[in-house]
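Protein chains in written order, with my numbering: chain C, 1 to 204; chain Z, 1 to 201.
Hint data in this document are derived by calculation from the structure and do not stem from the laboratory. One or more hints might be untrue.
Facing chain C, according to a computed beta carbon distance under 8 Å, are these residues of chain Z, among others [to be verified]:
| hint | residue |
| --- | --- |
| 1 | 30 |
| 2 | 39 |
| 3 | 43 |
| 4 | 71 |
| 5 | 74 |
| 6 | 75 |
| 7 | 85 |
| 8 | 88 |
| 9 | 92 |
| 10 | 144 |
| 11 | 148 |
| 12 | 152 |
Think of the CB as a built atom: it goes at the ideal place given N, C-alpha and C, for glycine as much as any other residue.
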Amino acid sequence: MRLKSVRGLMAVAALLTGTNAAEAHIVAARLGDFYMGASHPLTDLQDVVLWIATGVLAGTLGASKGRWLIPVFPLGLLVGLALGPVFGAVSAQLANATMMLAIGMLLAAAVQVPTIVLCAIAFAVAVTRGAANGAELGPETDRLLFGAGLGCVGYGAITLTMALTAAFRRTTGSVTSWRAIAVRALGGWIAAIGLMMASLVLAS
Amino acid sequence: MSLHIPRVLTTAIVSFALTQPALAHEQAGVAGGLVSGLLHPVTGIDHLIAMVAVGIWGAQLGAPAIWILPITFPLVMAVGGVLGVLHVPLPVPEVMIAVSAVILGLAVAARLRLPFPAAASVVAVFAIFHGHAHGAELPRAANALAYGVGFVTATGLLHLFGIAIGALTRWPAGERIIQGLGAGIAGIGCYFLAQGLGAVA
Numbered sequence: 001m002r003l004k005s006v007r008g009l010m011a012v013a014a015l016l017t018g019t020n021a022a023e024a025h026i027v028a029a030r031l032g033d034f035y036m037g038a039s040h041p042l043t044d045l046q047d048v049v050l051w052i053a054t055g056v057l058a059g060t061l062g063a064s065k066g067r068w069l070i071p072v073f074p075l076g077l078l079v080g081l082a083l084g085p086v087f088g089a090v091s092a093q094l095a096n097a098t099m100m101l102a103i104g105m106l107l108a109a110a111v112q113v114p115t116i117v118l119c120a121i122a123f124a125v126a127v128t129r130g131a132a133n134g135a136e137l138g139p140e141t142d143r144l145l146f147g148a149g150l151g152c153v154g155y156g157a158i159t160l161t162m163a164l165t166a167a168f169r170r171t172t173g174s175v176t177s178w179r180a181i182a183v184r185a186l187g188g189w190i191a192a193i194g195l196m197m198a199s200l201v202l203a204s
Numbered sequence: 001m002s003l004h005i006p007r008v009l010t011t012a013i014v015s016f017a018l019t020q021p022a023l024a025h026e027q028a029g030v031a032g033g034l035v036s037g038l039l040h041p042v043t044g045i046d047h048l049i050a051m052v053a054v055g056i057w058g059a060q061l062g063a064p065a066i067w068i069l070p071i072t073f074p075l076v077m078a079v080g081g082v083l084g085v086l087h088v089p090l091p092v093p094e095v096m097i098a099v100s101a102v103i104l105g106l107a108v109a110a111r112l113r114l115p116f117p118a119a120a121s122v123v124a125v126f127a128i129f130h131g132h133a134h135g136a137e138l139p140r141a142a143n144a145l146a147y148g149v150g151f152v153t154a155t156g157l158l159h160l161f162g163i164a165i166g167a168l169t170r171w172p173a174g175e176r177i178i179q180g181l182g183a184g185i186a187g188i189g190c191y192f193l194a195q196g197l198g199a200v201a
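The following block holds chain C by itself, in its conformation from the complex (with noise of 0.2 Å):
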């Protein structure tokens, strides 16, 4: 028993010297950008509507076809983020609005993309996503770990969105039952975003 105390006593000890400051403050590591990029996206929602359009319509493919959007969309972001001073931030609105038409479009109207063509829409939505996030940086941003907490929360985000999709769709049969017609509802919701968002893009 006395035993016991006497370890626990010497255990306590030497934690106790052991001990460091712990470095709470990431950003005084320098992993505060990882962090801001990871972020970032999540408060924009352009960023959020278009990711959801592209997990879901990824989703209602299938996984076999879903599953190359896992290294194409967080690659298709560092794309964007390295191109970022190329594109001007109006322009990037209405590409935004287009592609959210198009993709609700094509939910809606359940249609069978090819697996190329699913990649290279959810390619773009990336490149001029990645830009987006990007055009905001400052110069003392480390664009290093802002890219590779944008890549993370990219990969995450459009994983989970085209797994959920996929479970809840359960099968790829009728296009009239009530799940898929709720998923077809959703993309006619996104289209009509995107239609309302280019009309006042192009209005003001």
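Following the hints, position chain Z against chain C.
Same frame as chain C, now just chain Z:
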């Protein structure tokens, strides 16, 4: 155990009852755009009853109207919204919106069974007028995308609400209730029509 559910219900009711309206500043930014878009379709009674009537009528007509409607209606309405945003004039928009409530209400009350292309055309024309009104009244300060998301979501939810009510058609008594609702919608539409024509101040 049986006490738990009433407790949860009471808590939910009390929390809803105690909520305060969100006072968005001049409806600017993302939050303002979202709130403005969500509220716009539900704050005008003439719009609201017509949207619900579309859902009920779709449910009465059955397939394929019941599933084509939620997919295409927001899109057609957005076309009208584009015309409104671009300030393309439409003839007597307020009167047409009231007429839509009257006709859709009568269609529900009379269980009017039009062939699908005819019903779709009627609804599409009205959808363009409703969308035009929403687009024309868009607050300029609002975030465009947020307004679109709110507007389309609220419209879609109103249809789903109408379709859910339309599910009552499975029971004979439910069918009577729905017909009564249709007559009520047509009646309210008549009031707005009279207002639009200047008969009611």
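Comparing the hints with the structure gives:
| no. | hint | result |
| --- | --- | --- |
| 1 | 30 | holds, 6 Å |
| 2 | 39 | violated, 16 Å |
| 3 | 43 | violated, 18 Å |
| 4 | 71 | holds, 4 Å |
| 5 | 74 | holds, 4 Å |
| 6 | 75 | holds, 5 Å |
| 7 | 85 | holds, 5 Å |
| 8 | 88 | violated, 10 Å |
| 9 | 92 | violated, 22 Å |
| 10 | 144 | holds, 4 Å |
| 11 | 148 | holds, 4 Å |
| 12 | 152 | holds, 5 Å |
In summary, the numbered hints that this structure violates are 2, 3, 8, 9.
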